[in-house]
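Visitor: Here is what each chain is made of, one letter per residue.
There are 4 protein chains.
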Amino acid sequence: MLPAVNLRPAFNITRTSHVILTVADLRKSREFYTDVVGLVVSDEDENSCYLRGLAEACHHSLVLVQSQDGGKCRRIGFRVFFDEDLDIAYQYFRGRGLPAEWAEAPYQGRTLHVSDPIGTRIELCATMETRQRMYLHKEKHKGAYAQRLDHFQIHAPDTYALCAFYSELGFRNSEYLTHEDKLLGAFMYRKGTCLDLAIVPGLAPRLHHLAYTVPEAHDIFTGCDLAGIYGYPSSVERGPGRHGPGGMLFVYLIDPDGHRVELFNSHYQTIDIEIEPVRWDAATLSTNVRWGLPALARWYSVATEFEGVPLTEPVEKPNPETLESYIRKREEAAQG
Amino acid sequence: MLPAVNLRPAFNITRTSHVILTVADLRKSREFYTDVVGLVVSDEDENSCYLRGLAEACHHSLVLVQSQDGGKCRRIGFRVFFDEDLDIAYQYFRGRGLPAEWAEAPYQGRTLHVSDPIGTRIELCATMETRQRMYLHKEKHKGAYAQRLDHFQIHAPDTYALCAFYSELGFRNSEYLTHEDKLLGAFMYRKGTCLDLAIVPGLAPRLHHLAYTVPEAHDIFTGCDLAGIYGYPSSVERGPGRHGPGGMLFVYLIDPDGHRVELFNSHYQTIDIEIEPVRWDAATLSTNVRWGLPALARWYSVATEFEGVPLTEPVEKPNPETLESYIRKREEAAQG
Amino acid sequence: MLPAVNLRPAFNITRTSHVILTVADLRKSREFYTDVVGLVVSDEDENSCYLRGLAEACHHSLVLVQSQDGGKCRRIGFRVFFDEDLDIAYQYFRGRGLPAEWAEAPYQGRTLHVSDPIGTRIELCATMETRQRMYLHKEKHKGAYAQRLDHFQIHAPDTYALCAFYSELGFRNSEYLTHEDKLLGAFMYRKGTCLDLAIVPGLAPRLHHLAYTVPEAHDIFTGCDLAGIYGYPSSVERGPGRHGPGGMLFVYLIDPDGHRVELFNSHYQTIDIEIEPVRWDAATLSTNVRWGLPALARWYSVATEFEGVPLTEPVEKPNPETLESYIRKREEAAQG
Amino acid sequence: MLPAVNLRPAFNITRTSHVILTVADLRKSREFYTDVVGLVVSDEDENSCYLRGLAEACHHSLVLVQSQDGGKCRRIGFRVFFDEDLDIAYQYFRGRGLPAEWAEAPYQGRTLHVSDPIGTRIELCATMETRQRMYLHKEKHKGAYAQRLDHFQIHAPDTYALCAFYSELGFRNSEYLTHEDKLLGAFMYRKGTCLDLAIVPGLAPRLHHLAYTVPEAHDIFTGCDLAGIYGYPSSVERGPGRHGPGGMLFVYLIDPDGHRVELFNSHYQTIDIEIEPVRWDAATLSTNVRWGLPALARWYSVATEFEGVPLTEPVEKPNPETLESYIRKREEAAQG
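Chains as they are written, first to last, in this note's numbering: chain W, 4 to 339; chain U, 4 to 339; chain H, 4 to 339; chain G, 4 to 339.
None of these hints come from the bench; they were simulated from the model.
Check before you lean on any hint, since a few could be wrong.
No copy labels: a pair is met if it fits in one copy or bridges any two.
[Said to hold, decoys possible] List of simulated lysine-lysine pairs, BS3-like, C-alpha gap at most 30 Å: (1) K31 / K143; (2) K141 / K31; (3) K145 / K31.
Pulled out of the complex, with its shape left as it was, chain W reads as follows (with noise of 0.2 Å):
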């Protein structure tokens, strides 16, 4: 059901590591994620803003450059541990096609631009600017608290074959959702929780939604609150709620360029090789809600496209077998 996972990958990924977002009102944006996220601003100049978590050591998770272009996502990150592991990926994307090329990032040290086999484009550094972890001065505090970028949840035309690519990088699988051997949605992690990728079926490439890590419940309504206060109070997509894999209390909020944004506090540690992935049928009533309101359409329908990539139409067209339809009519079903 789950492909194999190389638990010796050629080099080592280790997270999730940053997110390069384009905007069309910086100055908005900026506020959205200071305001109601809680991210503080490393850097910025007119163009660019360079935002960490409160929790976070490393320069940046979230740069929004604007664009007239904006709501497209140019890149995500991975961090690998050490230098040499980027010669390696080099090697290793140029080896198998792969589109690799060196690239100059500011704030991070040396930096390689690659794709995956359906085009999503990924940024990979071993090093960043350090800068103070912020989570223990309150007195600066803002937003929902958000501590540090934890995962992104991207679209494939097929899961399967995607998350073979990889679990050859070494992605190890937590949670997976499947309907008759049908691989209708997988969580994958490099560092030691549950999440730093989850991908799921659809049209692709797309970032459906980054993630940052909360520390307790009731952040997650002070997120919405604080969304509510500054002029979002529609910015509430999906929840607040209770995931069915992870487990986690989540709520979705769309940015002001539609970008889609989860708050959720925080997961179960892995590590560990002989756990087992937990597997949820999406034909039993609980598979993603245990309870909750469904959420709007535009959850299932909406993502943000990678900057100058191309769309590919899932192998299975929109029909009963894809991950939303059949989450959609659980909850509908879970509703009455």
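Please build the complex by placing chains U, H and G on the supplied structure of chain W, with the hints as guidance.
Guide: Leaving out everything else, chains U, H and G in the frame of chain W:
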């Protein structure tokens, strides 16, 4: 806009006290209220179960009665301060041509049955047997830790007229909702918080919901989680969300018979006579929800009828002026 | 054991209202109460600052007055329901040979200055100017989010005698502490919670502490954290811990002038007349703390004197029968 | 100041795994860890009880063993990634003249017993049997909801020397405490958080405490409340408070045999190699506590000895340079 309040009412109603609900399956309902809501059983027999919240010393705030005609409300109860207030109340209701009968009710002192002008069945008493407050016995806590019954929301054919009746009984107003000089909803209180009785337009008399306080924001999630665990994932009918009027975090659950119970965290203190009620205009976006997903449709249309009491259509038939349609339109607008 | 309560007092005191404290450095004290405690400023001038909690509509619950004689209490304030209650109160105190003088107090309606039999200086009024409740304006929240002034704890030379005085004024008892038929402490209330005025033995009259409610358990930690951040790490004098009587989570902070302020989460509802006060025996281990580290010694001995009022020794000189030594012994025993 | 870290250690220790403690009364200790701490029992027999936290999939993180010689630690356990890491570890320890013996341990895969240079008894394994994670089974939750074993704090006669040993094994440093070029304490980690092993000076080898994570701040209070309810009011030995290094909310409880268990909320993510350890100077006020009451004296002097292992005096006899006396002086100074 609001009826004048009688600050020196003929008799002293002090607070929302209890409610008697009929249920089709006593065992199942008992489990819902103990395992999900978190009430404790004070006494029970084959046909009835008396429950109280963790912080309540009085014998019961919820009485479940087995009945083939499950899903009805028998009476909502208020407390008066002195026993002699009951005698005055008897004269008061009789004097206005309203039903008033002495009754026997287990575990209660002298008990008076009355009805308001629209037929809402009410029970008044001055004393109950007492039991130990359980709020510190954490080793026995279950469910969402419901602390105490706080208020009822009922329907009225004419909101203003029923508010006028309760204002004469000394109920004061904390917050209200209007549109174009029409009163669409009113929060009325006797005890020193902002609610004992919410009155909204609709087919009447019906009990829209009873509401228990929970201690903290995270307990609202616990209630939802346990609803899911104990087989009621679809009982979450609205929320979790944040109210506009009153400002409380809330969730509405549907019990096995369709009775609606709100869990919310506590609200502010009232008491002082110089404080003006807060006015909300249904025409402004954030009227009833500052953020949050729309409630399921049934939240707006379904409510608990009073056993054996005929229904009256609202003065204004379902039209854009009713509270429900206003709120609904707002929510839909908010969600785009 | 407890004095009889007058359930139909001559005039209607409704609740703890406000307190006027002298401070040596107004700017510094203002910062402590806004940045650490979380109050908001309603008005201020060169010599005084009027503050209220986030859930308070009335103009002030704390008045700080610059004074060379900082660290004193000028008056504790209670509210009466009607203006005419003030006239009755005037006659009541005068009739008993107790001080009663009409006074002017900014932002308040008619104001009456009285003293209880041991010289505790009290201010009564029926109305204040009102301001917007700030509890939902999360974007402006600071400190521990103190919601509203809840109660005072004062010292009495003879606890029973002073309880008798306040019982005659309609104060009822929720919980009390005894040993061998001696009343060592009493929780007295007028509003529908378990406290407006706690009375304990000691050098008198002195204000042991004023107490603000905070919404949730974690806010108590936030108050402590901000005390540390803003330069008052040693202001945490007792707790965080859990009270026996009343059962609240608490922490006591010392302000820059040595005034003691308790932050605690809210307590249970009282109101009904059939509920018996809870009795605690100082001889049983868990009397005052169910768990927790001993308070610093000064918590037991230091309190705020009333400006210009001479002190009276307790009837029973410091001996094993006093509350403080009982509690202290218990705590030491508890800690081995 | 800190020993150099070997980023490519000979074998891969991944995380703190488990601990084996001897207890005088197995039933009593089992109750403490289930009812107060909140662990669940994976397996048990007449003489031993295997427990895990609510978020743990591996069979046990705490093993209680009935013994007349209760109150001792048999071994602390770490996990390695692959089975072959055990073979390398065996050679590594043998090659340095340190104890290394293969052992049988129920519910674990191949198990290796080793000792560090000061005699700390350690157990290594690569796999365990697994059980269902219980973190979402709220209907079965008890105690403080301890989620997973996080770290140990041990004593060393010479902190620097022992840190050097563990640094060679790949343990990295997140935060450390110094005074005048002396290393007074070090937080060392293998997994991606800031702690697996804290090393402080003192009579050695001894286990100062084991630490479980709890989900939220309020759970710390719940742990204390249940300690009081179940008859351990004096088990609260230090806190609740906020750590300086690591910044966690914490409380230390003493179990029935005197073993010390810390409950704390979770800390920040480490992983990246460019992040510098945080340095704390014992000479500055807020070294170890930003606020909070002093710990009971025994927190500084009492710790769990390893079964059958002789004790070594610290290199520097108890003097002002030891961690404990530094912290203690700071705390006393902080409290005036």
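Visitor: What hints, given by number in increasing order, does this structure fail?
Guide: none
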